Amino acid sequence: MNKYYLLYCYIIISLLSCGKYTSHYESFRKHYYSGEELAEHKINSDSTFLKAHDFDGNLYVFLGDWNIDTTNHTVAGNGHFYNAQRHLISSGKLNVHADSIILFETNQKLNKKTGGFIAAKTLLVSFNVLIAGICLSNPKACWGSCPTFYTNDNDNVFAANAEGFSNAISPGMEYEDIDDLGFTSGGCRNFSLFMKNEALETHVIDYVKLALIPARKDYKTFHGTDNQFYSSRSVISPNKAIIGNKDIVQNVKNMDGNEWTSLADTRNLTTKEELVLEFNTDEGNEASQSGLVLTFRQTLMTTYMLYHAISYMGDEYSDILSRLERELKLKNEVSNTLYKALGGVDVYLFDESQNKWIFQGEFYETGPIATNTQILPFVSKISRTNNTIKIKLVYNKGLWRFDYAGLATVDNPVSPQWVSPFMISINDTLANRELENLLSDEKKIITYPGDICQLHFNIPCENSEYHLFLASKGYYLEWMRSHWLKDKNLYKLNRMIRNPEKWLRKQTKNYTYYESQMEEDFKNSRILQSDKNVMKHLFSNN
1 MNKYYLLYCY IIISLLSCGK YTSHYESFRK HYYSGEELAE HKINSDSTFL KAHDFDGNLY
61 VFLGDWNIDT TNHTVAGNGH FYNAQRHLIS SGKLNVHADS IILFETNQKL NKKTGGFIAA
121 KTLLVSFNVL IAGICLSNPK ACWGSCPTFY TNDNDNVFAA NAEGFSNAIS PGMEYEDIDD
181 LGFTSGGCRN FSLFMKNEAL ETHVIDYVKL ALIPARKDYK TFHGTDNQFY SSRSVISPNK
241 AIIGNKDIVQ NVKNMDGNEW TSLADTRNLT TKEELVLEFN TDEGNEASQS GLVLTFRQTL
301 MTTYMLYHAI SYMGDEYSDI LSRLERELKL KNEVSNTLYK ALGGVDVYLF DESQNKWIFQ
361 GEFYETGPIA TNTQILPFVS KISRTNNTIK IKLVYNKGLW RFDYAGLATV DNPVSPQWVS
421 PFMISINDTL ANRELENLLS DEKKIITYPG DICQLHFNIP CENSEYHLFL ASKGYYLEWM
481 RSHWLKDKNL YKLNRMIRNP EKWLRKQTKN YTYYESQMEE DFKNSRILQS DKNVMKHLFS
541 NN
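Heads up, the sequence shown is in the working numbering, so the first residue is 1 and it goes up one at a time.
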C-alpha cells in the first residue's frame, strides 16, 4: 500500500509488447472471452471462480466448488485449462500443485484455515457491500497501504512510525525496507511494535527486525539514501526556506508534523517546483563533509495513478500481474517509466567558486502515510567565503510533503546490531507458529485486513540507550475493488504507459478537483480491526 512510481509502471508495461499491443489483446479476448466463457470467467460475474496462473503462462480456471488439499498443497475441481495464448485446451477435472502456480485470483471469501497455504499468492476481488460506500465519491483515494508500524497502539494512522516495502506489490518485487522509527530505547528493556494491515490487501512478511545504533551524547544517527547508517555531531536548521516569494521556514525547521506541501499545478501534474534552503554557519572557510537531512513523505498523487492503472486492467488484473512475475527482463526494462515522469527530490548544492548549482543526489521513498527521515551525504565538499550555505530541492509540485530539513555533518558509517522479535501475538492471541515462520529463512507470515500483530523485542544491555530503526521485508497483494471493474480500458492503459506525461496532463483537472479532500477520504476508508461486519463479510469461518 504511494508507493507507486515503479510499482505502477511495472504492472502496466508487463502486458505491453511495443507496437503489437492492440492486435495481441484483440486476439486474447477472441480466444478467452467469448460466448458462455465471458459470463463464467469475468471477475464481475455472479459465479465464484479461482484462477491459477502457472510459471509457463498457462491458466487454470476453477468454477463453482474446488477443493484445497492442505497436505499435498494441491487445488482440484472442475473448470477449464488455457495455454499461454489463451486457447482452450481442455475442460473438466483439473488438479494443480501450488508450487507450480505463480499467482491465484478469486472472488470467493477467504477461508483462513484451509486456504492459508495459497493465500500468499492470491489476489482477491473485494466484497464491497460496506466498504465501497466510503469510497464511492472518490474511488481512486480509497485506502491502500503496505504494513504500517506503530510504537504504540494508536488509531491515528498518520501517527504511524513506519510503513514497510511500499514498492513490493507482487512476489517478484519483494525487498527489504529500512525506516527510522524516530524513537530511542534504553538497554535491558522489552520493546513492543504494532504491525497492522489496514487495507484491502494481503500482506506477506518475510521478516521484521530492529537495527540498533548506540546513542551517544550530542550525536544523532541517520539512515542514508545509500542504505548505510551515519552518525552526525552537528545538525542545524535553515534560517530561510524559499519557494517563489514565500518563506516556509517555519514548516521545515523542526520535526513537529507541521508539514509543507504545495497543491499540484492546475495546468499540468508534471510541473516542477524549487525550494531553496539557506543555512547560516560560523565555520568560515572550513571545508567539511556534510549532508542534508530530510523528513518527508509523498502525497496521494501516486496512489491515484496506481489505482487508475489497476482499474484500467479490470478483470485482466491477474493476467497482467502474472506476466509481470514471469518476464523479469521486461519488468527491468520498463521500471523507470513513471519515475522519469515524476521523479524524486533532487538535491543541489550552490558552489560559490563556480557560481552554479551542483547536483548531489536525490531522496526517493514511496508512501503517503509515515514520514521518512534520511540523510543524503553530499558528493561535494562545502567550501565558501561566507557563513551562508545554499541548498536547492527540485521536485514535482504537489507530490511531496516536507516536515524537516537540516544541514548535518557526516561522520563515517556505523554498523547496527540486529534484533529479531522473541514473541508475537496476532489479534491479542499468542502466535508461536507465526513467530517460527518469521524467524525462518524459508517461511513467511500472512496478514489480512484488520489484523494487528504485536511484536516483542529484547533490547540488549551493552548500551544504556539505542536509536531504533526498522527493517521489514516482504510484499503485498492489492485487492481489486469491485467498483473499479467498470473502468476497464486496455487502450487507456496503453496510452498511460506509452506517454505518461501526456496522461498526467490529461488527468490534471480530475486530480486537482479531488486533491484537497483526498487525504481525509484516504484516512477514513482504511480497514480497522473493529470493523467486525466488514471482517465477517470478507472471511469464511470454515
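These aren't lab readings, by the way, just hints derived from the structure by calculation. As the structure is a computational prediction, the values presented were derived from the model and not from experiment. Please note that a few of the clues may not be correct.
Unchecked claim - Below, in silico cross-link-like pairs of lysine to any residue (SDA-like), each with a Cα-Cα straight-line distance of 25 Å or less:
{"hint": "1", "residue 1": "Lys473", "residue 2": "Asn499"}
{"hint": "2", "residue 1": "Lys209", "residue 2": "Lys486"}
{"hint": "3", "residue 1": "Lys397", "residue 2": "Gln250"}
{"hint": "4", "residue 1": "Lys486", "residue 2": "Arg86"}
{"hint": "5", "residue 1": "Lys390", "residue 2": "Phe359"}
What the hints assert, rightly or not - Pair by pair, the computed Cβ-Cβ distance ranges are:
{"hint": "6", "residue 1": "Asp65", "residue 2": "Ser516", "range": "45 to 53 Å"}
{"hint": "7", "residue 1": "Asn227", "residue 2": "Glu465", "range": "19 to 27 Å"}
{"hint": "8", "residue 1": "Ile236", "residue 2": "Ser464", "range": "21 to 29 Å"}
{"hint": "9", "residue 1": "Asn227", "residue 2": "Asp256", "range": "24 to 32 Å"}
{"hint": "10", "residue 1": "Pro460", "residue 2": "Tyr491", "range": "42 to 50 Å"}
{"hint": "11", "residue 1": "Leu430", "residue 2": "Thr74", "range": "24 to 32 Å"}
{"hint": "12", "residue 1": "Tyr491", "residue 2": "Ser234", "range": "32 to 40 Å"}
{"hint": "13", "residue 1": "Gln417", "residue 2": "Gln250", "range": "34 to 42 Å"}
{"hint": "14", "residue 1": "Ser440", "residue 2": "Gly182", "range": "26 to 34 Å"}
{"hint": "15", "residue 1": "Asn245", "residue 2": "Ser380", "range": "38 to 46 Å"}
Heads up, the beta-carbon is just placed ideally off N, CA and C, and yes, glycines get one too.
Quick rundown of the hints versus the structure:
1. Of the supplied pair hints, the one linking lysine 473 and asparagine 499 is violated, its CA atoms being roughly 32 Å apart against a limit of 25 Å.
2. Under the criterion of a C-alpha separation no larger than 25 Å, the hint pairing lysine 209 with lysine 486 is inconsistent with the structure, at around 41 Å.
3. At roughly 19 Å between alpha-carbon atoms, lysine 397 and glutamine 250 fall within 25 Å of each other, so this suggested pair holds.
4. A threshold of 25 Å between alpha carbons decides the hint, and for lysine 486 with arginine 86 the separation of about 23 Å falls inside it, so the pair holds.
5. Proximity of lysine 390 to phenylalanine 359 is assessed by CA-CA distance (about 12 Å); at most 25 Å being required, the pair is judged to hold.
6. Checked against the given bound of 45 to 53 Å, the beta carbons of aspartate 65 and serine 516, roughly 48 Å apart, stay inside it.
7. The beta-carbon spacing between asparagine 227 and glutamate 465, approximately 24 Å, falls within the hinted interval of 19 to 27 Å.
8. Take isoleucine 236 and serine 464: their Cβ atoms lie about 27 Å apart, and the range 21 to 29 Å holds.
9. Against the hinted window of 24 to 32 Å, the Cβ-Cβ separation of asparagine 227 and aspartate 256 comes to about 27 Å, which satisfies the hint.
10. Taking the beta carbon of each, proline 460 and tyrosine 491 are about 58 Å apart, not inside 42 to 50 Å as hinted.
11. Between leucine 430 and threonine 74 the beta carbon distance is about 31 Å. The supplied range of 24 to 32 Å therefore holds.
12. Distance hint for tyrosine 491 and serine 234: a CB-CB separation of about 56 Å, inconsistent with the stated range 32 to 40 Å.
13. Look at glutamine 417 against glutamine 250: about 37 Å separates their beta carbons, and that is inside 34 to 42 Å.
14. A hinted range of 26 to 34 Å holds for the C-beta pair serine 440 and glycine 182, which are about 30 Å apart.
15. At roughly 28 Å, the beta-carbon separation of asparagine 245 and serine 380 lies outside the given 38 to 46 Å, and the hint is violated.
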